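So the protein lines, in turn, are chains F and C. Going by this note's numbering, the first sequence runs without a break in its numbering and finishes at 429. Going by this note's numbering, the second sequence runs without a break in its numbering and finishes at 429.
Calculated from the structure, these hints are not laboratory results. Check before you lean on any hint, since a few could be wrong.
Unchecked claim - Quick list of in silico lysine-lysine cross-link-like pairs, PhoX-like style, CA-CA up to 25 angstroms: (1) F/K100 with C/K329; (2) F/K428 with C/K329; (3) F/K17 with C/K329; (4) C/K36 with F/K329.
Being a predicted model, the structure only gives us computed values, none of them experimental.
2 protein chains.
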Amino acid sequence: MKKIYNPDKTTWLEVLKRPTQTVADIENTVLNVFDKVKSEGDIAINEFTQKFDGVLLDEILVSVEEIEEAKNIISEELKEAIGLAKSNIETFHAAQKTSKISVETVDGVSCWQEKRPIQKVGLYIPGGTAPLFSTILMLAIPANLAGCQEIVLCSPPNKEGKINPAILYTANLCGVTKICKVGGIQAVAGMTFGTKSIPQVYKIFGPGNQFVTVAKQLATKFGVAIDMPAGPSELLVVADDNANAAFVASDLLSQAEHGKDSQVIMVTTSKKMIDGVEQEIEKQLEILPRKDIARIAIENSKLIYVENDELALDLINEYGPEHFIVCVKNEDFYINNIANAGSVFIGDYTPESAGDYASGTNHTLPTNGYAKQYSGVNLDSFMKSMTFQKISAKGIQNIGTAIELMAEAEGLQAHKNAVTLRLESLKKG
Amino acid sequence: MKKIYNPDKTTWLEVLKRPTQTVADIENTVLNVFDKVKSEGDIAINEFTQKFDGVLLDEILVSVEEIEEAKNIISEELKEAIGLAKSNIETFHAAQKTSKISVETVDGVSCWQEKRPIQKVGLYIPGGTAPLFSTILMLAIPANLAGCQEIVLCSPPNKEGKINPAILYTANLCGVTKICKVGGIQAVAGMTFGTKSIPQVYKIFGPGNQFVTVAKQLATKFGVAIDMPAGPSELLVVADDNANAAFVASDLLSQAEHGKDSQVIMVTTSKKMIDGVEQEIEKQLEILPRKDIARIAIENSKLIYVENDELALDLINEYGPEHFIVCVKNEDFYINNIANAGSVFIGDYTPESAGDYASGTNHTLPTNGYAKQYSGVNLDSFMKSMTFQKISAKGIQNIGTAIELMAEAEGLQAHKNAVTLRLESLKKG
């Protein structure tokens, strides 16, 4: 672990630097897959699944029988846990519903804003050893609340041509309309262009490896939107003398186990806390099954001491952490003044894993500093806002002259004329 | 004009096809400018301004004196018109403020969502013959309402090194914090990397030519967000027998004068209206100063007859128009069921130019079919939503077991451990 004491402001950019990823070499692979899926549809999908996942599928869509089978495999206690998480996530996201905003800006000029669902959305869920069924909760629940008509889920099959039962169970529970056995670049390409089996969607959500990340970027060139740019997951804890070093260490480690490139930072006004957390990490790390991954992330992690809360806050806002844990006595100072963070976890009993699974907040969050300008996934991510206006004869008489003057000043005579014609017809009338 | 009667559903994609733009050849130019601005800052900015705008500047920032001068040049009546537009836009966008959403999902688990401003934003305003000061109203007013700290505006200087006074006047009126004399690719590069004169920003808004469009796309690779993908402006009118052919024609023409590639479509259930609008267009076109541009756009425009409102609606939702004008008796049918449109204009006295300037709605809207998944610019475009959670000892006891079970099922032991440690400490306590 890197221990840094009182870094000078001029060094902050360097201290807070994230590892950079190079993707140029992946782009050609992604382009080739896109081309082939676009021209050959399901035939190309099946070829790539055979090549990358090692299985030749008869059928891309998951069947009703497979979903029934999954329901029988999942234990009752896991079903209950998923049910509790679902209920909390639903409660929090349903509260985000906004009503129509309606204003008469001047007499006779009515303007309103309404949100309507994105009709077709796609969710990507990675396969592999860890089946991320929790991410289905985070994406399918708000998609359903928003009223999306088509909710497509793609996830790669294993060598037996199956998808993990926890994924199937959760997808079915949360109202996914179609589950496709397809992963990686070809899944993103399939949802971008549409094939016989895979519906075309307007927006693609969800995590993935470097290939999926580059594929999602490329999809935006073909008119598809994506949830947000991706990057390695990251956590920043601010702690003072009152923090519990064991708890802080456990949170840092829960982030570190995600991957070797995970970002783990503690900022503290307490030198004692640096030593305490370091010792706790060593102790807890030993018993983790994923300790090899976590150790590499922890080696690159930073424990930063600063003189006071104001400096700590500036440093944290400069970084813009995806997950931000506040374990200090004066927590309101950080809550009120944090400008850039994805999700904030407050106090001793709010581990990051609570937000990952079951508190109710969303775990799909801006990383890589994108908290400065992007929201985490929320109900609005599955809707778009549209505006409406209705102007009466009186209304156009109230604002018509202003429009004529401005249109003329911008050199747009036909814009002016559309108003002039109407004003003249009203004079005649 | 292309008149199309009862197009078969299988031909809709072809009928509604937008002109495609190729940008590959522009990309290298854009990359070179970005490289140079990144490494040389203001020196490169000044070189490109000399090369592309034909003027060597002493100072990139607009001075207080230049703003005072602009205030004296603008006529009182244009100032009043801008003042009315500003008031309406402020009223409508201020109404979009959302309050903190707070929920206790289960006993002891508090979750809330708050929106906080994007601290630094950049606005790009094109130069040329038509000074688009109205776009400053549409971008700077919500930026200010949102609470953005730094609002940078870039616009190219003319050959005398000046920016149009209407732009300077409006920018100053709407609280822009810095106005930079820089246009095109170099402006976007400047706001992406920051130079001595041009502040680095987190999100870039505003229209531009093909070079600016590609530059904004490239900026997203360097961690900057943009308002939305760009495309030629477009308008779709739905009209029945009751519509006023002269008004409809004037709206189609106001769109057509934007550019040769503007998209203009009328969908109607009235064959009479097709002939009436065609005649009116010919009549009104003749007297337009920009008739050469408008004529080319009109030649590519489409007047589409369909049998009934249901078919018309399906066709319109398939297209997803940027601007959608509803001139029919049964207007509620379209208002309630339109799924994909940027902004909707209802009735005989609601020309598109009202929304372009002064009704109060925003004119920065998704085009090119992006209304299917993107919002037009609104107050939220200048903010990001952040979530917070605070869990009590009771709260973690209520959801802890569920988190442990789910983390274990996903193979993430450290996530589980962060909860287990806390639960155990509470048992001991």
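Status of each hint after checking the structure:
1. F/K100 with C/K329: The hint holds at about 23 angstroms.
2. F/K428 with C/K329: holds, 23 angstroms
3. F/K17 with C/K329: violated, 60 angstroms
4. C/K36 with F/K329: With a Cα-Cα distance of about 48 angstroms, the restraint between C/K36 and F/K329 is violated, given a limit of 25 angstroms.
The structure is inconsistent with the numbered hints 3, 4, although it conforms to all the rest.
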